[in-house]
Amino acid sequence: MSNFINLLIAGLATGAIYAIIAIGFTLLWQTSQTINFAQGEFVMVPAFFILAVLNLGVPFWLAILAGFAISAVVLGVLFKKMLVDPMLRHGVLPLAIATMALSIAMKESVKEFYSAEAQPFPSIIPAGSIDIFGVAVSLQSVGVLVAAIAGVIVLNLLLNGTSLGHQMQATAQNPSVARIIGIPVERMIMLTFLINAALVTFAALLVTPIYLAKFSSGEVLGLSAFIAAIVGGFNQVRGAIVGGLLLGVVDNLAAAYVSTQYRGAFPLLLLIVIILFRPEGLVGRTEERKV
Amino acid sequence: MKTTTLISIGLGLAIVAALLIMPLYMARYSLYILSMWAVMTIAAIGLNLTLGYAGQISLAQGAFVGIGAYAAGILTTAHGWPLLSVLPLAALLCFVIGWGLGYPALRVQHHYLAFVTLAFSTLAFLIFRNEEWLTKGVYGIENIKRPIIFGWNTFRPLPFYYLCLAALAVTTALTWWIVHSPWGRAFLALRENPLRAQSLGIDTRRYTLMAFAIGSAFGGVSGVFYAPLVEFIEPGAFTLALSLNILLMVIVGGSGFFFGPFVGALIAVLLPEWLRFTKGYYLILYAVLVMILLVYSPKGILGFIEGWLADRRTRRASATRAAAEPSLRAETQS
Amino acid sequence: MSANPLAKGGPIKTREEKIVTIMRLSAMAVAILLASPAVFAEDIKLANVAELSGSGATVGTNWKNGIDMAVDEINAKGGVLSRKLVVTHADSQSNPGVARAQVQKALDDEPYVLLGPGYSGSVKVTASLAEQAEIPEIMGGEAAELTKQGYKYLFRTSFGQQSTMPKVAKYIADDLKAKSVALMWVNNDFGKGGRDVIFAELQKHTVKIVADLSSEAGQADFAADVAKVKAANPDVVFVYLNEEESARALKELKRQGVNVPLMGETTLIGQKVIDLAGEAANGARGHVGLTTDAPIESIKAFRERFVKRYNYVPDHNGIKGYLSVYVVKAVTEKMGKVDSKEFAKTLHGMTISAASEPGILMDVTYSDTGDIDRQGFLVEVVNGKQVIKQVLPKLN
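As given, the protein sequences belong to chains A, B and C, one line each in that order. In short: position in the first sequence from 1, add 675, done, that's this note's numbering. In short: position in the second sequence from 1, add 6, done, that's this note's numbering. In short: position in the third sequence from 1, add 761, done, that's this note's numbering.
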């Protein structure tokens, strides 16, 4: 039983990370039909931004701020203006392939210009164990989970509690109508990209102390976030959260109670089952067919 | 005949001649890369059929290449089958699996095939890796022999290259036949407007499935030649990354264009090699070039060329019209 | 100077003309000498094909850095047989199909010796090419079966798994007196290869395998794996993962309170792992063939030079790459000539001593199958440092 709680919390923590990354992924899809195959690398790179700034002798908190700022510019503004905007009207696939190429470029650039070795990364959460119901649970897991939940709550407040958030949601649901009622759609879309940049930087802060900063750490994260977004239903931010958490927990439990060799298969089997029986995802809305 | 058609035919003949004659003077490495291009083009042609003609996204083409490769690897090394006998078996196997995968997924909604193939891709890799009794697992299958066909030994680079080229030629001919058959027209109808196609009585699901199954079978064929080309296969070669690479070939070449896969495979296989002189930066340059290519021609290289030609034609037509205007006006006014 | 148009630059030259001609000829001679430094000595071509991108990038980059450092050191001291070493690097992308292409490309250029790859799968594809071309291949792969195919031109730079695992199993059974062992291994040809050999070896010692857990390369969360280890209640846990994963596994093992001895290889107890795992690394033991932490002067000096040049501590792949070049030097100097075919024959059965060739770092003997025999160590991590518990001498 103590094992189970341990695994559950560890799974939830991992899942929370997937969820944060998947939220950004879903937002980009909703507002601008962008499938960002480089999302995993988007999480890997801010860690290196922060490390580079730290190397200049700057205190950690300042490096974090710098990381957010650099990500906003590079992963938000530059990404949108240079890659997404020119390609958007030509359909989903060419842009998706372009992001695939982008992920290669980012990975190889970090490897070439920074290092091929894994770099340690300072943690904002202390290591150690904490007692929950008499079970020694990793403080890191709990910390990540709490931080992730906090982040999601903040995001939710933004999306549902502010006028700006409502405008963003309207843009996501139906850009043409949003434009008609006077919402500055272009600005809303840019805002989405900036939010994604913030989300991936936040995820990097939580995940890199454990995963270590390495040029290849984006691969698994990106794929997991993609699957989490689909499992949750591509259309809803709520779905990304549910999808991520479910994925993290299923992966851990399957590895522990079924087979470690096939651990990668269970999230996918989950994906197939959901697609076949609930194609709009667990939480998603049915997509209307456009005639 | 129109000049453009003459030019196209001339260009085509020149390319075929080059493909046949140049290799006689190439080093072993160049022959290997060219053979790899031919083999990958077969897989890309399959995906182009599925995606470009029938409008379905498949993320499992790499897994089908793997199935074909393992079929060839297992049957030729452990059971002594000649390579050409593996071909129909691999193609049929991939066709059936494709049909099986597609059938329930297409019941749902068309772009969910992408996700199912994504799942299948990873599952296939796990099976290749974990089922050691069948595939030798992570150790891979080595010493895959190149075939002797009617006494012609393809062991050396040059003969094996011609074998790959022949396989590509046959695949191309087959694809040409499919595309120009009533099936092919049905596929195109599906791509352009599924709802209208349905209203015209075309069983969209069956044709979509057919396109996907045939495309997957081509993937298997590609794998059957991949195995003796490298002479060693291991699970790591057939991951999602390969499927994404083949998808890249189709999009960059031009999805839906008959020769798109040829150009796309050229870019994906040869361009990184040409860029190797830049040492550590070659992959970065490759990725940046692909991005620039897609930004400026999202319809792929052939799409770009088609657009450019259409543009020229329009401009020439406008120029002719402008030149004729005074005389036309004179006529109408008289 | 003569104005006679019919004179063909006549036989009588003025003194100035003679001087100018001599100067012109001298200038040409100097130019020819300067332009072709190879006039007196041709460069020795080494071709390295390694994993510089993809999943093996860390392995291949370390290997390449070791090679570069060795080549520069040797050239600075005059080269081999007064000839400069020139090395080309090619990226195999951690993909056997690509490795094959690059090795073929390298072989087309007729190098003296081929270096790399590190991944056993890539070695398998390329070994037959090197064999056909009769060019020696000095590689970093550790899989047992690489040297069992009868290749005459393939040479290792580290112990094969068939050499190390029996020693580890013996230690587990005899010294740690374990009756049951849990195996944790990474699911690629490196991890599975080691697992298969130690599985068989442990059974020879009648030790029971109570857990057999594979993990993925790059895995971050070991909660499930460690939970299974705990449930199996073993006497010893054998951990055979890559460096970063070893660090994570060590931390999780400590956190979940697994207190039995942890046994592994270089990838479990290298300095990098100790740095990443911190406290959790203490108590871990392992067999090491090559380690930058060995209490040997030449290795300490090597490590210092490497850190100075590259700003990080190399892993054992860096040492392997470095050694491979010095093997080339030692064999070539012994032969007194540059001959690829003779190279292979000479290296079989040869012992290279660190006394005569300091660059080889530790005495090594090559067998007829291309395997090596070298001193090894059994170490334990105590207070963040490797402490030698046993020295395992060379067999010869």
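Don't read these hints as lab results, they were simulated from the structure. Hints are supplied without guarantee of correctness; some may be wrong.
[To be verified] Calculated cross-link-like contacts (lysine-lysine; reagent style DSS-like; alpha-carbon spacing at most 30 Å):
id: 1; chain 1: C; residue 1: LYS989; chain 2: C; residue 2: LYS965
id: 2; chain 1: B; residue 1: LYS285; chain 2: C; residue 2: LYS909
id: 3; chain 1: B; residue 1: LYS142; chain 2: C; residue 2: LYS806
id: 4; chain 1: B; residue 1: LYS151; chain 2: C; residue 2: LYS991
id: 5; chain 1: B; residue 1: LYS285; chain 2: C; residue 2: LYS1069
id: 6; chain 1: B; residue 1: LYS151; chain 2: C; residue 2: LYS965
Only a predicted model underlies this, so the values are computations on that prediction, with no experimental measurement involved.
- Message: Flag every earlier hint the structure violates by its number, smallest first.
- Response: As far as the earlier hints go, 2, 3, 4 and 6 are violated by this structure, in ascending order.
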